[in-house]
Amino acid sequence: MEQNRKELDRRGFLKKFGIGAAAVSAASLYGCAGKKSVGGADNSPEIGEVPKDQMTYRSFPGLGGDKASILGYGCMRWPVIPNPDGEGEIIDQEQVNRLVDYAIEHGVNFFDCAPVYVRGQSEKATGIALKRHPRESYYISTKLSNMSNSSRENSIRMYKKSLENFQTDYIDYYLLHNLGRGGMERVRERFFDNGVLDFLLEERKAGRIRHLGWSFHGSKELFDEMLSMHEKYHWDFVLIQMNYLDWKIPKGSKISAEYMYEELSKRGIPIMIMEPLLGGRLAKLPDHIVTRLKEKEPQRSVASWAFRFAGSHPGVLTVLSGMTYMEHLQDNIRSFSPLKPLDEGEKEFLYETARLINQYPTIPCNDCKYCMPCPYGLDIPAILLHYNKCLNEGNISMSSQDENYAKARRAYLVGYDRSVPKLRQASHCVGCKECIEHCPQEIDIPRELLKIDRYVEKLKRGTL
Amino acid sequence: MLRKIRLALACVFFTIITLLFLDFTGTLHAWFGWMAKIQFLPALLALNFGVIIALVLLTLLFGRIYCSVICPLGVMQDVIAWFGKKSKKNRYSYSPAKSLLRYVVLALFVVATVAGIGSVTALLAPYSSFGRIANNLFAPIWQAGNNLLAYFAERADSYMFYSTEVWIKSVPVFVIAAVTFIIIAILAWRGGRTYCNTICPVGTVLGFLAKYSWFKPVIDKSKCGGCTLCEKNCKAACINVAERSIDYSRCVACGDCIGKCRKGAISFTHPAKAEKREAEVVGASDNLKADAGRRAFLAATAVVAGTSILKAQEDKVDGGLAAIEDKKVPKRTTPIVPPGAVGLRNLTQHCTGCQLCVSVCPNGVLRPSSDLMRLMQPESSYERGYCRPECTKCSDVCPAGAIKPISVEDKSSTQIGHAVWVKENCIVVSDGVSCGNCARHCPVGAIKMVNIDPQDKKSLRIPVVNEERCIGCGACENLCPSRPFSAIYVEGHEVHKTI
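If you're matching them up, the sequences are chains L and Z in order.
The numbering of the first sequence is the numbering used here, which starts it at -13 and goes up by one.
The numbering of the second sequence is the numbering used here, which starts it at 63 and goes up by one.
What the hints contain is simulated information worked out from the structure, not anything from laboratory work.
From a predicted model like this one, the values you see are computed outputs, not experimental measurements.
There's no promise every hint is true.
[As the list claims (entries may be wrong)] What the simulated footprint calls covered on chain L by chain Z, stretch by stretch (three residues with Cβ under 8 Å from a Cβ of chain Z suffice, anywhere in the stretch; the number is not a length):
1. 103 to 113
2. 360 to 366
[What the hints assert, rightly or not] Per label pair, the in silico range of CB-to-CB distance:
3. L:K437 <-> Z:D518: 27 to 35 Å
4. Z:L210 <-> L:G169: 48 to 56 Å
5. Z:I244 <-> L:D71: 34 to 42 Å
6. L:L399 <-> Z:Y165: 50 to 58 Å
7. Z:R394 <-> L:P361: 25 to 33 Å
8. Z:W93 <-> L:D273: 34 to 42 Å
[Claimed, not checked] Straight-line Cα separation of at most 27 Å, BS3-like style, residue types lysine-lysine; simulated pairs:
9. Z:K510 <-> L:K408
10. L:K437 <-> Z:K520
11. L:K408 <-> Z:K231
12. Z:K390 <-> L:K408
13. Z:K231 <-> L:K419
14. Z:K510 <-> L:K446
15. Z:K485 <-> L:K419
The C-beta atom is built at its ideal place from N, Cα and C for all residues, glycine as well.
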């Protein structure tokens, strides 16, 4: 009652002075009155100011004094703009600087890159942005992407180029990039037989590489074999794909993230996480699953579940996320400032969610663009993502008798032309299979494209 | 009152016919396609006797109402003349009929049409001229507006509008349309219906009939004070106040004079017997401005093909898009015309070159021909798309019987050409990769993939065409990865056949 009267008085007061819509200032006023009414400027982790000094950090005995922020910045998805001097697209350096500054200001100190990212422009752009901060205030992680040319000369050149791009004389975390396709044989070709690994071990000894590890996309056999060499080479860390979808249910010939995590933890090897969100796929979920997650945590984003899942495992050094937009960065900072680990019940809830997601036939494309450029000019990720988008939005029809067929057909076809230029659509796939070996998710891309093409053809002809 | 009814009807006809050329979604044709089909020349060429008889009767009853209401080119001239009149009032005056010129043009037109010189027919026919102008000049503006809406719709996550491709389908035809428009606009601005009463063959034919029409504007000599107000406002320049006579072969029954006369001396009625008098003086020595202008630019047209090349980069790094070179038109021995055209001869004989089919083709297949004999008549090519199996739009809209109505089922069994494989261009041969995109997309299964080396069952496979099953739709040509020239292209057939 007392409080009520006070409020009424305030209202009368505001009215008198004609400040009807002073929501923001009113928030603080009400705050004084002891009633929780927030105008958007509260300091809870979910809303209001993005916390600056709450970031969770991880350290491991094997990594010296390193204290890595649990949120690592993945530099594979920097924003791009059309090249003002003509062809293609270039990284929006101004925006990258802004994102990097913001990340560092809010406690992010881990930046993961690779020479091939963003059409080879990522390292340099990241280097430019980071150079504006003291070198000891962040960790650089980059990789040896000698997939297309694995000669010793080219590999060493690539490594030196990375140092040059980052304008530094040491790299904190260096990885053998993308072990998987081609199995152990390919790994031997790329790193062992040509002496590249020996060279890198020397560099580690010399301190120019502080920690050496590898990123993994392969089979159980390869994983086990790589781990069996731990005694000999001492892997400082390993980068694996991990999220609540891959945790228990392996895709294709893959192994479950759970197995990898357990094996690495057993040996005390710190784990870096990639694809915690599957390239946004775990943020863009079908409506009924979004509802399910939101019901539990109405104020947290859908994505936050995936990040908290990855971070909740103590063996994890850092969770990499390729944040293109400021709002993604802010949301992820919130999720980890500080990390509120999931309890067992919440984990179980996510495994059940994963089961529901897996019933949904989305194509597991994470938009990493490793498959690109397609020699025949197709925009593969755009085609697959448009299909997923329509699937998630309920715009894939089973037959022309479906209730929303007309609407779904229009959404698919009009949206298709918008997302993918006609010349880059699935109908132009010749089935050369060049893309398959590049896909870390082991998607049979030509098959999926053919499937989509047939579907589109049926929609166009009205023969579904 | 008569004038108001005429104006209202003319507005309705003009707007809808123009929209027929602008509407690329095809919705309007379902309702108002008949408006194109009652156009005089197309109906004549389609041997649509019902329409012809109706139009003849209409003219015998009311005079050249057709020219004032139904003909979009005529109404377009009225619109321009209306602006002309705003700049200067009472700007017209009587001029004698240029009958010789009219009959020569008509004769030329008839001969050309019978002889199958489609380009002449298309140049002179009024409806075709309008179609060209609408298709080449108005449609791009309409589409640009649509694309703007589509741009906003996309941002609003709405599927209400989708963007379409704006492109010049044929440079010569674009130039012809632009020049036609400029000439007609100048003539209309300065002299009202000059074009209709000197060049237009339909105007000449209907004018001949209109002389004998039952109702016509008649000057009551007893009331007329000779002020010439009617003469100065007659866009057909056919009122001779000095002689108190009207040249009915040129009168388009617009009714402007009736309202202008302050004495009420002009009425739209059946003329008294006494009025029957002719005042036809032949003035032969007149400049052939309009005609000469057309011929001049015809001689001076050149084809410029612009290519835009999509860009990408070549190092193997992640992301980026490979360059896609634009396709070029292959040299075809026989041109391809769409299913329903029956054959080249039927199309040439019936087509008035109005561009309606070109306007509605959703696949970027049809474009006006640049060939001198068939100038402006449609032909197919598959650089931007192919003749999709579910589409029969061109056959639905053609008012002239040049592309006859065809069902989707009949279309899929009508052979308009056949595919030819060009070994040198095929990426299976030149790059040693597997492909088969042509075979995958052939809607009739006319392409089979066979081993390059018949002995080696594991060798790469190349396409072979079963010419008997091929219908010439161009899916293979359009989707062939080889650029700028496809490794498989369609050769047209002179006469279409059912397979």
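We went through each hint and held it up to the structure:
1. 103 to 113: Our answer is that it holds, as 4 residues pass the Cβ test (under 8 Å) against chain Z, meeting three.
2. 360 to 366: holds (count 5)
3. L:K437 <-> Z:D518: 27 to 35 Å: For D518 of chain Z against K437 of chain L, whose Cβ atoms are near 30 Å apart, the range 27 to 35 Å holds.
4. Z:L210 <-> L:G169: 48 to 56 Å: With Cβ atoms ~54 Å apart, the hint holds.
5. Z:I244 <-> L:D71: 34 to 42 Å: The hint (34 to 42 Å, Cβ to Cβ) holds, given that I244 of chain Z and D71 of chain L are roughly 40 Å apart.
6. L:L399 <-> Z:Y165: 50 to 58 Å: 54 Å, holds
7. Z:R394 <-> L:P361: 25 to 33 Å: 29 Å, holds
8. Z:W93 <-> L:D273: 34 to 42 Å: 38 Å, holds
9. Z:K510 <-> L:K408: 25 Å, holds
10. L:K437 <-> Z:K520: With Cα atoms ~25 Å apart, K437 of chain L and K520 of chain Z stay inside 27 Å; holds.
11. L:K408 <-> Z:K231: Between K408 of chain L and K231 of chain Z the Cα gap is close to 18 Å, so the pair holds against 27 Å.
12. Z:K390 <-> L:K408: Holds, at about 17 Å.
13. Z:K231 <-> L:K419: Roughly 36 Å between the alpha carbons, so the hint for K231 of chain Z and K419 of chain L is violated.
14. Z:K510 <-> L:K446: 24 Å, holds
15. Z:K485 <-> L:K419: Roughly 22 Å between the alpha carbons, so the hint for K485 of chain Z and K419 of chain L holds.
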